[in-house]
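Colleague: Sequence:
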Amino acid sequence: MNKGTFVFLVYLIVFVAIGNQAHAQRRPVPDGLPTNNTGNPVPRFDATGRPIPSPATNRSDSLQRRDNNLDSITILYRYWDSTRIRRIDSSLSTFASKLPLPTNYVHLGNHGTAARSLLFTPNTRPGWDPGFHAYDIYGFKIEDTRFYQTTRPFTELGYMLGSKTEQMINILHTQNIKPNFNMVFQYRFINSPGNFKNQNTSHNNFRLNGNYQSNNKRYTIYSLYISNRYKSSENGGVKYDSLLSDDRYNDRFLLPTRLGGDVQIRRDPYSVNINLGNIYKEDVFVFRHQYDLGQKDSVIVNDSTTVKLFYPRLRLQHTLKYSSSSYQFQDIPSFNQLNPSRVSDYRDLFGIAVSADTTLLFIDRWKEYNNDFSLVSFPEKNNLNQFLKAGLTLQNLQATFDSTTDKFHNLFVHGEYRNRTRNQKWDLEAKGNFYINGLNAGDYLAEVRLKRMLGPKLGYIELGFQNVNRTPSFVFNPSSSFPVTNGQNLAKENITRTSAILTNERFGFTLAGNLYLVSNYTYFNGFFRAQQYATLFNVLHLSAEKRIRFGKGYNLVSEVHLQQTAGNPPVNLPLIFTTNRFYKEGVYFKNMTYAYGAELRYHTPFKGDNYSPFIGQFFYQDTSTLRNRPEVNLFFNFRIKTFNAFVRLENMQSLIPGGGGNYSKESQFVPNYYYPSLWVRVGIWWRFIN
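In this text, residue positions in the sequence shown follow this note's numbering: the first is 1, and each later residue adds one.
Please keep in mind that the hints were generated in silico from the structure rather than gathered at the bench.
Some hints here could point you the wrong way.
Said to hold, decoys possible - Below, computed lysine-lysine pairings styled on DSSO-like, alpha-carbon distance capped at 27 Å:
1) K178 / K321
2) K381 / K431
3) K590 / K641
4) K492 / K546
To be verified - Restraint ranges, calculated between C-beta atoms of paired labels, are given here:
5) L361 / F507: 53 to 59 Å
6) S403 / Y105: 33 to 39 Å
7) L243 / I88: 54 to 60 Å
8) S558 / Y159: 27 to 33 Å
9) N275 / N370: 49 to 55 Å
10) S403 / L450: 17 to 23 Å
11) K584 / L458: 28 to 34 Å
Cβ atoms here follow ideal geometry from the backbone N, Cα and C, with glycine treated the same way.
With these hints in hand, go ahead and build the complete structure from the sequences.
Modeller: Quick look at the structure:
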């Protein structure tokens, strides 16, 4: 039994035991309705999630209205460490959100390969960080974990099939085992052999989480388990760009690549063996339990119904976190992969001296143990969206580099204040933490955000300030087994961000501005070489989004970003990046809702970052300018009751003959790496309510 399976079984046993104990101790259901976290009455539900009629609805009144909950589902969720209640989005126009890669992200030319954002997004997390984030966008994270409450068991199945046997599977299931006990299961699988040689990817993501609240509403448990597995072969990019216009290589799989050479291998969609590439593994288990001290109350609704209430005033909260991760690059020569040009390719293209049968293996392994205790105070008894939190965390780390093992620790304090007024006119959030002692002593984070409603015509304005002082990620540390050079005596990075956002729902637009001040910026400028830019520099990022409705069902959603650096920092960004979506929505034969249209994405020419497959990092380069045609995608989405489907034709601009002057036929966001030509994707999402 592997470690991930063992953690999963422990998690399942704990929650089943809690559920059985709660069932055994459950007293007869009182006449009143239970209440939610805000003190408002909510319906009661049986073990299957179906509503239990209240005494008031059991009366044989012929004029009594039917409870709509008996024939429908009410499903709500909120994210980890968030108090904001949300609902599932079923909009057809944003169906592309089903894909894990946002529109501002680019990859190496194949779904599942290393990816990064075209927008300036520095690492703003203080404390320990392994430093490997090229595949983060494909995985599950703690902060995007959803905790549901549902009146019926809910399941969503998704399947997408793309060109070259690309496929993606999504499974989501949630149900309230008891009215106060919900469980969620989620799985995602991404597999793509790729358009080019040695570019296959295979990712598996698994998440199990749940929440339980005692009948007296004082004791609450939140728990989650996440497992991310990333497998991605690396080909180093196309070896000879001139062959892209050679008719003999219309099948791009025949092109020789910088890693793997010109060896003829077979495209196999079912092979997940990575002889040359990166294998990342991440497992996270979090268990949080809390006990509330407060006051009881009740409200008499009528002669037969009394609603019992509980108002928390002080919360004792304890959180345990365990994570295990490994980051590995390997190049293992085999009979089928042995390449006669391997020695010269490594020497001439990457500056590495290897022999024909040399095995390259770099691997960092980490184990993290977090123990946190926090106190939470609620100044107003009937507003849980206002609270003050203070806590202390002890973090123990164990690292294995090659054959050596090191141990580290961190001790840090953290605090947070949130206040969302009940009239929703003010929303204030302030938080910070400071590392007192340990590996990252001196790191800190200070952040404050203020949101204010200006009026129904002007909308909302949100102001933000953030200052981070952080130790460079551990991959820069000479102790890492990855052969990074110039990683010694690096100073702490300091990043300050000020932001402003104006959102106007009435007129359908959003304006935003971000100003970054960065010093001691740590980056890579070669396949293995690390650098630090000590001089203070700034980055200005302005953006605007506007939705225009015209005609009958026609819509245009445009988003424009402008980015500009001051000075000459080692940061290359497109001056303008824009996405536009033009579509028509409508209803066909009363039961089919549809949306069809076109998407356009464009960026101005810029010197995009290169990529080092050996250390899994994008790095700064200033010799190659990337010029792409505007990308054009066509889509058709439709929904019939709970069945959703879509068809997408992507990279339509590649069908235009010729290179278009200085613009390449196939999009290129990383030097030597090319996107495929016309790409077709078909997908379905089917929701089931039991």
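Colleague: Hint by hint, say whether it matches the structure.
Modeller: For each hint, the structure was consulted:
1. K178 / K321: Answer holds: K178 to K321 is near 26 Å, not above 27 Å.
2. K381 / K431: Holds, at about 22 Å.
3. K590 / K641: The hint holds at about 11 Å.
4. K492 / K546: Given that 27 Å is the threshold and the Cα spacing comes to 39 Å, the pair is violated.
5. L361 / F507: 53 to 59 Å: holds, 57 Å
6. S403 / Y105: 33 to 39 Å: holds, 37 Å
7. L243 / I88: 54 to 60 Å: violated, 47 Å
8. S558 / Y159: 27 to 33 Å: holds, 31 Å
9. N275 / N370: 49 to 55 Å: violated, 36 Å
10. S403 / L450: 17 to 23 Å: For S403 and L450 the Cβ distance comes to about 52 Å; the hint is violated.
11. K584 / L458: 28 to 34 Å: holds, 30 Å
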